[in-house]
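Protein chains in written order, with full-length UniProt numbering: chain B, 1 to 446; chain X, 1 to 446.
Calculated from the structure, these hints are not laboratory results.
Everything numeric in this text was worked out from a predicted model, so none of it was measured.
There's no promise every hint is true.
Any copy, or any two copies together, can satisfy a pair, since identical chains are not distinguished.
To be verified - In the SDA-like style, the derived pairs of lysine to any residue whose C-alpha atoms are separated by at most 20 Å in a straight line are:
#1 K85 <-> T434
#2 K6 <-> M89
#3 K220 <-> K398
#4 K148 <-> N28
#5 K148 <-> D25
#6 K426 <-> K436
There are 2 protein chains.
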Amino acid sequence: MSNSIKLAILGLGTVGTGVINLINDNLNELKRRSGRDIIITEVGTRRQRDDIDTNIMQNSDLMAIAASDNVDIVIEVIGGTTLAKDVIMQAIKNGKHVVTANKALLAEHGNEIFAFAEENNVHVAYEAAVAGGIPIIKVMREALAANKIDWLAGIINGTGNFIMTEMRDKGRPFADVLSEAQELGYAEADPTFDVEGIDAAHKLALLASIAFGIPLQFDKVYCEGITGITLQDVNYAEELGYRIKHLGFAVRRDSENDGDAGVELRVHPTLIPQDALLANVNGVKNAVLVNSHPLGQTLYCGDGAGAGATASAVMADVMDLVRVLGSKDRDDQSNTGHHVPHLAFIPEQLSDTPILRADQMVTGYYLRVHAYDSPGVLADITRILSDAGINIDAILQKPAHKVGQVPVIILTLPVVESQMNLAIEKIEKLETITDKVVRIRLDELA
Amino acid sequence: MSNSIKLAILGLGTVGTGVINLINDNLNELKRRSGRDIIITEVGTRRQRDDIDTNIMQNSDLMAIAASDNVDIVIEVIGGTTLAKDVIMQAIKNGKHVVTANKALLAEHGNEIFAFAEENNVHVAYEAAVAGGIPIIKVMREALAANKIDWLAGIINGTGNFIMTEMRDKGRPFADVLSEAQELGYAEADPTFDVEGIDAAHKLALLASIAFGIPLQFDKVYCEGITGITLQDVNYAEELGYRIKHLGFAVRRDSENDGDAGVELRVHPTLIPQDALLANVNGVKNAVLVNSHPLGQTLYCGDGAGAGATASAVMADVMDLVRVLGSKDRDDQSNTGHHVPHLAFIPEQLSDTPILRADQMVTGYYLRVHAYDSPGVLADITRILSDAGINIDAILQKPAHKVGQVPVIILTLPVVESQMNLAIEKIEKLETITDKVVRIRLDELA
Numbered sequence: 001m002s003n004s005i006k007l008a009i010l011g012l013g014t015v016g017t018g019v020i021n022l023i024n025d026n027l028n029e030l031k032r033r034s035g036r037d038i039i040i041t042e043v044g045t046r047r048q049r050d051d052i053d054t055n056i057m058q059n060s061d062l063m064a065i066a067a068s069d070n071v072d073i074v075i076e077v078i079g080g081t082t083l084a085k086d087v088i089m090q091a092i093k094n095g096k097h098v099v100t101a102n103k104a105l106l107a108e109h110g111n112e113i114f115a116f117a118e119e120n121n122v123h124v125a126y127e128a129a130v131a132g133g134i135p136i137i138k139v140m141r142e143a144l145a146a147n148k149i150d151w152l153a154g155i156i157n158g159t160g161n162f163i164m165t166e167m168r169d170k171g172r173p174f175a176d177v178l179s180e181a182q183e184l185g186y187a188e189a190d191p192t193f194d195v196e197g198i199d200a201a202h203k204l205a206l207l208a209s210i211a212f213g214i215p216l217q218f219d220k221v222y223c224e225g226i227t228g229i230t231l232q233d234v235n236y237a238e239e240l241g242y243r244i245k246h247l248g249f250a251v252r253r254d255s256e257n258d259g260d261a262g263v264e265l266r267v268h269p270t271l272i273p274q275d276a277l278l279a280n281v282n283g284v285k286n287a288v289l290v291n292s293h294p295l296g297q298t299l300y301c302g303d304g305a306g307a308g309a310t311a312s313a314v315m316a317d318v319m320d321l322v323r324v325l326g327s328k329d330r331d332d333q334s335n336t337g338h339h340v341p342h343l344a345f346i347p348e349q350l351s352d353t354p355i356l357r358a359d360q361m362v363t364g365y366y367l368r369v370h371a372y373d374s375p376g377v378l379a380d381i382t383r384i385l386s387d388a389g390i391n392i393d394a395i396l397q398k399p400a401h402k403v404g405q406v407p408v409i410i411l412t413l414p415v416v417e418s419q420m421n422l423a424i425e426k427i428e429k430l431e432t433i434t435d436k437v438v439r440i441r442l443d444e445l446a
Numbered sequence: 001m002s003n004s005i006k007l008a009i010l011g012l013g014t015v016g017t018g019v020i021n022l023i024n025d026n027l028n029e030l031k032r033r034s035g036r037d038i039i040i041t042e043v044g045t046r047r048q049r050d051d052i053d054t055n056i057m058q059n060s061d062l063m064a065i066a067a068s069d070n071v072d073i074v075i076e077v078i079g080g081t082t083l084a085k086d087v088i089m090q091a092i093k094n095g096k097h098v099v100t101a102n103k104a105l106l107a108e109h110g111n112e113i114f115a116f117a118e119e120n121n122v123h124v125a126y127e128a129a130v131a132g133g134i135p136i137i138k139v140m141r142e143a144l145a146a147n148k149i150d151w152l153a154g155i156i157n158g159t160g161n162f163i164m165t166e167m168r169d170k171g172r173p174f175a176d177v178l179s180e181a182q183e184l185g186y187a188e189a190d191p192t193f194d195v196e197g198i199d200a201a202h203k204l205a206l207l208a209s210i211a212f213g214i215p216l217q218f219d220k221v222y223c224e225g226i227t228g229i230t231l232q233d234v235n236y237a238e239e240l241g242y243r244i245k246h247l248g249f250a251v252r253r254d255s256e257n258d259g260d261a262g263v264e265l266r267v268h269p270t271l272i273p274q275d276a277l278l279a280n281v282n283g284v285k286n287a288v289l290v291n292s293h294p295l296g297q298t299l300y301c302g303d304g305a306g307a308g309a310t311a312s313a314v315m316a317d318v319m320d321l322v323r324v325l326g327s328k329d330r331d332d333q334s335n336t337g338h339h340v341p342h343l344a345f346i347p348e349q350l351s352d353t354p355i356l357r358a359d360q361m362v363t364g365y366y367l368r369v370h371a372y373d374s375p376g377v378l379a380d381i382t383r384i385l386s387d388a389g390i391n392i393d394a395i396l397q398k399p400a401h402k403v404g405q406v407p408v409i410i411l412t413l414p415v416v417e418s419q420m421n422l423a424i425e426k427i428e429k430l431e432t433i434t435d436k437v438v439r440i441r442l443d444e445l446a
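Using the sequences provided together with the hints, build the complete structure.
Structure follows, in structure tokens:
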């Protein structure tokens, strides 16, 4: 068994159990592909489990497992950012490679963790941390390695996508669908991380770093959730040929032609064209669209969560590490130089490209303005937009739904947010305007 | 410059020029990611070119380049299966790694080439050979390495997809769209390889091998092109909620429940549900849908051809090989054990799973039957199908388009082809039937 790879799984929740099941189900495939025996030697679990193979040592002391001589690779699937960090740092210190699905931990402490891993000549692999079973980390770090990535747009939170899909398909309001998502187990009892976009922001921070070669900067991600999206806006968007999806965007702005140079990191509801493939990724599915030079647009779609999808990503990382740990012919355990850099670019080449503030960002807009149905109102609004240099792409004036009040829907071409802020401030000061202007970003994905 | 990686590009057509342009455009990204200088030292071209950097040696003797001491990696983009094979074998013999976009060569001679590469401790990388810029080879060999792949379905010929898209969108007949595709440069003057499905069959042979761990068996791929698809069938399919795409399928049949055990390798027009993402991949785009356990379905979509997309895939392979050739810290030039096996599974683990004959394959069917409009005809047809154990999923009887003749459209559930052959033979013998039965395969992609 000197030829075997010894795994420890820390945490036996959905994902940990999924990894055990995958190894049991696909033992033969794993061996046929890697030429090695991949075995679980230890699992970290708070309480003793009687459904685990008796050859596997169960231990509630995760720090001990992370230092065990009987482990080559530590799989961290306990979640959270405290104990998870401690055990990962412990594993690294003890020369173990680490596989983790922990997006929150990496988004917030990844720079420190990756630097410590490099110091100790081990790898921290994290395919499962973003978009579940979709191999977007491998694709961006390796398959697109020769491209200059211009931007990416991703449906990277399955709960949010389920809610947006149901609202559109069934005409059900947000709160209603959220309750169902909670019943189905798609959303947590406290859904804040999902519906406020925080989970998506964690993943976006990771994607942006490997896209552009910048340090992780979760704290600079502009983050807007879906709690404010109404059925009314969902329907107006459809009427205009668009669909509202909750998306994460990482955009590189090289020139100052249309705003300041730097990187936009943003997570927000977005109108995208109905006929874009991304607009047709429904339910809990995730998808990431990457635009790069010279490749152009490529799309990656699949399950973003669940035991099977996450276990697939975790074990793909293990299979990569098996090669790092030496092939069947070799036993060079320290061969880490050949691996892909943690953030796709070699550490000394990470750049300090500035992250743009929200008011510097450039996007199109969907505006819903409520006005008294008086003759000059549309002229007033369009004049304000035009004075601010904002180009209108479409206007939809709906019949009055309250007495004397009409909703006016306006789609604009891309504009710097600070300009839009000023224009909206002026519009809201018009005497004919009855409510706050509702605004949702819009992207043609072109 | 001992830290540099020296490339030779054999062939300066669209792809070779694309690779040169990519390296020029993205020099900084390549360096930032790999930590190495990636330089072209030699190019193989029949006639001297004056638009090539003077530091690059031009040589019409490709065999000499493939043996040159000044080259680490040979990029073969001349195409064809004769000279291309000679130069690749020459490069391998001389210890060079090879990157090729040559699907025909690999589909037909890959077993021999890969074995020779393993003997000589080098790699032959071929991401660009299938689906252009979509990293489907890397995804299946590495990202899905822990999964058991059940089946895959791919739009892997852009010309064919363009023709099918135009026929549906514009209601134009096959011959008409083919002429346009030729004018646009999407199709060759002799379009046989594209429209008869041979190009797709080459790619499918490669995909099937890395999906299931079987040797390349291009000669066993069942191959049907799109030349027989009429507008009439395109429209009936749409009316029934389906869309006709030209797809390559690789399907593993483990049990004998619904036919013989083995692998189906087939390329043919297929009705798939209109709302499947794959049905909405239009124009010259390619896409591959992979169903694996435990991951489930994932989809990969992008440009399947063109200079930029192909160069992206070629250079992704180069970036992988850069790691094999040693990192910036190491200079272990022989470190090949750490690499992914050519056909995803280690050579001694390739299996001899039988490839099923066409009459053993199991698919659903679209049938178009032309009958005299007489009372018992539908009863006769459905009785024949039912006697053969074929389940009908939908029937559409259209108004007569010739005097007294009605087209009847029948969709069936999956059935072994031999059964369908017998049933169709019987249907065609009915006195009320006026023409040959038209049949197109159907797959729910479920």
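Is the C-alpha distance from K426 to K436 at most 20 Å within one copy, between copies, in both cases, or in neither?
Answer is within; shortest intra-copy Cα gap is 11 Å, inter-copy 71 Å.
Taking 20 Å as the upper bound on the Cα-Cα distance, should K148 and D25 be classified as within, between, both, or neither?
between (39 Å within a copy, 9 Å between copies)
Within, between, both or neither, where K220 and K398 count as close if Cα-Cα is 20 Å or less:
neither (38 Å within a copy, 61 Å between copies)
Alpha-carbon proximity context of K6 and M89, limit 20 Å:
For K6 and M89, the Cα distance is within 20 Å only inside one copy (19 Å; across copies 39 Å).
Is it within, between, both, or neither for K148 and N28, if the alpha carbons may be no more than 20 Å apart?
Cα proximity of K148 and N28: across copies only (9 Å, versus 38 Å in one copy).
Checking an output row: K85 and T434, CA cutoff 20 Å. Within, between, both or neither?
neither (51 Å within a copy, 74 Å between copies)
The structure fails to meet hints 1 and 3 from the earlier list, while all remaining hints are met.
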